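K.L.:
Here's the letter readout for the chains.
There are 2 protein chains.
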Amino acid sequence: MSKIENTRKNHYHPRCLVPSIILILIFIYKCEGDGSTYPAGWTRRAAKEAEAVAAISCSGHGRAFLDGLILDQRQSPICECNSCYGGLDCSQFFPNCSANADSGDPLFLEPFWMQHAASSAVVVAGWHRMSYSFGDQTYISQELEKHIRKLHDAVGNAVTQGRYIIFGAGSTQLLNAAVHALSPNNASSPAKVVASIPFYPVYQEQTDFFRSVDYRFQGDASLWKNYSETSTDRMIEFVTSPNNPDGQLNEAVLQGQNVKAIYDLAYYWPHFTAIPAPADEDVMIFTLSKLTGHAGSRFGWAVLKDEAIYQRMQSYLTLNTMGVSRESQLRTLQLLKVVLQGGKDMFEFGHETMKKRWEILNNTISMSKRFSLQKIESHYCTFFQKVREASPAYAWVKCEREKDKDCYAVFQAGNITGRRGSLYFAGDRYVRLSLIRSQDDFDLLLHKLNQLVYD
Amino acid sequence: MSKIENTRKNHYHPRCLVPSIILILIFIYKCEGDGSTYPAGWTRRAAKEAEAVAAISCSGHGRAFLDGLILDQRQSPICECNSCYGGLDCSQFFPNCSANADSGDPLFLEPFWMQHAASSAVVVAGWHRMSYSFGDQTYISQELEKHIRKLHDAVGNAVTQGRYIIFGAGSTQLLNAAVHALSPNNASSPAKVVASIPFYPVYQEQTDFFRSVDYRFQGDASLWKNYSETSTDRMIEFVTSPNNPDGQLNEAVLQGQNVKAIYDLAYYWPHFTAIPAPADEDVMIFTLSKLTGHAGSRFGWAVLKDEAIYQRMQSYLTLNTMGVSRESQLRTLQLLKVVLQGGKDMFEFGHETMKKRWEILNNTISMSKRFSLQKIESHYCTFFQKVREASPAYAWVKCEREKDKDCYAVFQAGNITGRRGSLYFAGDRYVRLSLIRSQDDFDLLLHKLNQLVYD
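The listed protein sequences correspond, in order, to chains A and B. Counting from 1, position 100 in the first sequence corresponds to residue 100 in UniProt numbering; the numbering is continuous, with no gaps. Counting from 1, position 421 in the second sequence corresponds to residue 421 in UniProt numbering; the numbering is continuous, with no gaps.
Hints in this document: simulated from the structure, not taken from any laboratory. These numbers come from a predicted model, not from an experiment. Heads up, the beta-carbon is just placed ideally off N, CA and C, and yes, glycines get one too. A couple of the hints might just be wrong.
[Stated by the list, open to error] Pulled from the structure, derived: some chain A residues nowhere near chain B, Cβ distances all over 10 Å:
| no. | residue |
| --- | --- |
| 1 | P77 |
| 2 | K225 |
| 3 | E251 |
| 4 | E377 |
[Unchecked claim] Each pair of labels, with its calculated beta carbon distance range:
| no. | chain 1 | residue 1 | chain 2 | residue 2 | range |
| --- | --- | --- | --- | --- | --- |
| 5 | A | A187 | B | T318 | 27 to 33 Å |
| 6 | B | Q439 | A | A187 | 47 to 53 Å |
| 7 | B | D443 | A | K48 | 36 to 42 Å |
| 8 | A | R216 | B | G219 | 26 to 32 Å |
| 9 | B | G219 | A | E229 | 42 to 48 Å |
| 10 | B | N226 | A | D72 | 50 to 56 Å |
| 11 | A | R74 | B | K386 | 34 to 40 Å |
| 12 | A | Y454 | B | R149 | 47 to 53 Å |
| 13 | B | R401 | A | D136 | 34 to 40 Å |
| 14 | B | T318 | A | F384 | 25 to 31 Å |
| 15 | A | A308 | B | N96 | 32 to 38 Å |
| 16 | B | R149 | A | D136 | 53 to 59 Å |
So here's chain A without its partners, still in its complex pose:
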């Protein structure tokens, strides 16, 4: 009331209060929405709560989330600070802390979503999709499937016409589902699963961990080149393009009647690479994580040519998790709507960010002969319609000095946490630095790298 009283006292006649109140009441009514089946405004509590949490200031070095920890005697969730920041509002910087260039946490896209707060938000009603299945008795949102096909058409990175699409909890679940589907049951010997060094360690870890009688990990693809040409055993090759860790546009190494390839195209988006042509492989796997940056949503999809493989992967998905969370599907749909409505916006944001990071990193590392970086060829990009600069997700760094045999340790001593080359079966002269993390992480990486290079 104090504002109303002030206004009145300072300038106007008291009876002006009456029309004002009437107008405010009209405005309140309009502001409440026009629901009919449900009491109007049932979303209000949730909206208010979400806006209040978003308004918590974490000094630009952290964020508060709706499901963040609430400490005793407090009402609102705590700030979760970026690495090397702390304090209640993340305003404290710890200068001696190690730069985190470890996991491929794709937070470089977070600012894009903060800028698109209004269009990307989604309300989940309490009764939203409680059932096991959608209206057509599947585990898959048809609208989302339509949007995924539209997106591939718009970007031109994969052929989806006449292809089956299946959803998984991130590409993680789909990678093993594909191995399972491509391995014949009761064959005379288990399918041999291989990949080209350096490769993403999960391929081996997963294949080993689930200990199926039908498949076994057998290491480096190139060692099986001759064998595969004549073998009657099933061989399954993981092909990652662009490759994690080195960003190369890999192609399958093995050929032969019994060879099947799983194309992991997690990074085959304009953020990270030129798109020379739409991929058109039998088994292609994508993930939201490296497209929009939503790793936490655990949403991925496979594009498949063969109906039998599609059916086998579907059985896997059913018996493993009964499909993918409907909340993830709903949110992914909203995010893809924003991506599609924005034309090239998100990809320009992504590519600009990654290109700048790569340039700066490249310049810094080239100051010294101590380290070298992978070379990435320029390609014509059909999406941006020009030859474009490199913008890989990871720096694949080699320690060149004879004595620097453990490159990971060299970086660790320089207060930078990367990932050991040996994890990618490439030996310890290599280390992977993640470039797709938050701006804070990248800035700190660069700061420490400058010290290391001039050391």
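Could you slot chain B onto chain A? The hints should help.
P.N.:
For chain B alone, coordinates are given in the frame of chain A:
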């Protein structure tokens, strides 16, 4: 402007317009929220969209969802109708259609969530938890874990103090993760996985499907009773309590040093059974699906005594799906908040609904000697603090007539789709009828059953 002009013309001096406009501007400002980091009102578009979809009338026999199919030239998602209803607004009833009493789709709780629209809604911001991990580097929301423990304490159905909790994509994922964790690697023979007939078919399907070298499904638990007492092989027994399909409070059949039990407590909630005492088993598995009715969220959890088993299950979760979707976790948290704030509300709603359904069904079936139903003993319920009536999730029906050897076919001929007893390894004299589906499905089941009983 027309409303403002009207107000002015009818009653007041023109200069009153000025303070009104100022006040409206102040009100608009207040109405927009008090965001500081984000522009106020960023949730509004999402809220309006959700309310508009909720307001689509589907005649009480269906619902429209935010991610529902949008047909050409339309703006809003279509109505998805309950079984046996159709038409654009689900107002058409197909009287000759078969009653669906097949899957355990827990839609009996949907009206509860519609009644609690305001408290149960949740807004997912575009930048919500994009990272792979939470602030503490896990895949698990600590707030949600706290709420799960609180809920078990309030209901008194499980001991959680000093226990580990792990999340999975529904109990489905956790069942196999537990089998994997309890099976020793490289043992002389694979672990033997068993269950007591009649049992939930997924136990066998899953164990067979993943074809691990470390475990094998071996059928009925009772056949292994003597063997298990002295065997040095690992035996893993699934114990479902209350049991699916027959609602009995089962206990483990096997005993012996090398026997481990997985307690599937999906139905151990006051909707379906008396709670005689808190369960305190080594491995207990729960699912949101049968607690709040949100099968589509694919959210479950395990309560574990042993740290080594917890670690092994965590590795499984990591290599299988890298944890559970953050959207599911966020929504589950909001649903559990509503459940906890409501005291006994949801359980009273659930129990009342299920008790009524069981009574009516029981009365109908007892009209005829053609069919019999399982008997469920009364127990004192520590949650409701009284001896309570039976309210099982499923009717486990036996066809008593000599000639009715295929009970499923008898029901099918009567326009009722149940599930074959042979799926539960109990033979075809039995059929399972699901009682936890929507009210429409139950009403139709009853209608058809009346015809069948008086046939």
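K.L.:
Which of the listed hints are not met by the structure?
P.N.:
1, 14 and 16
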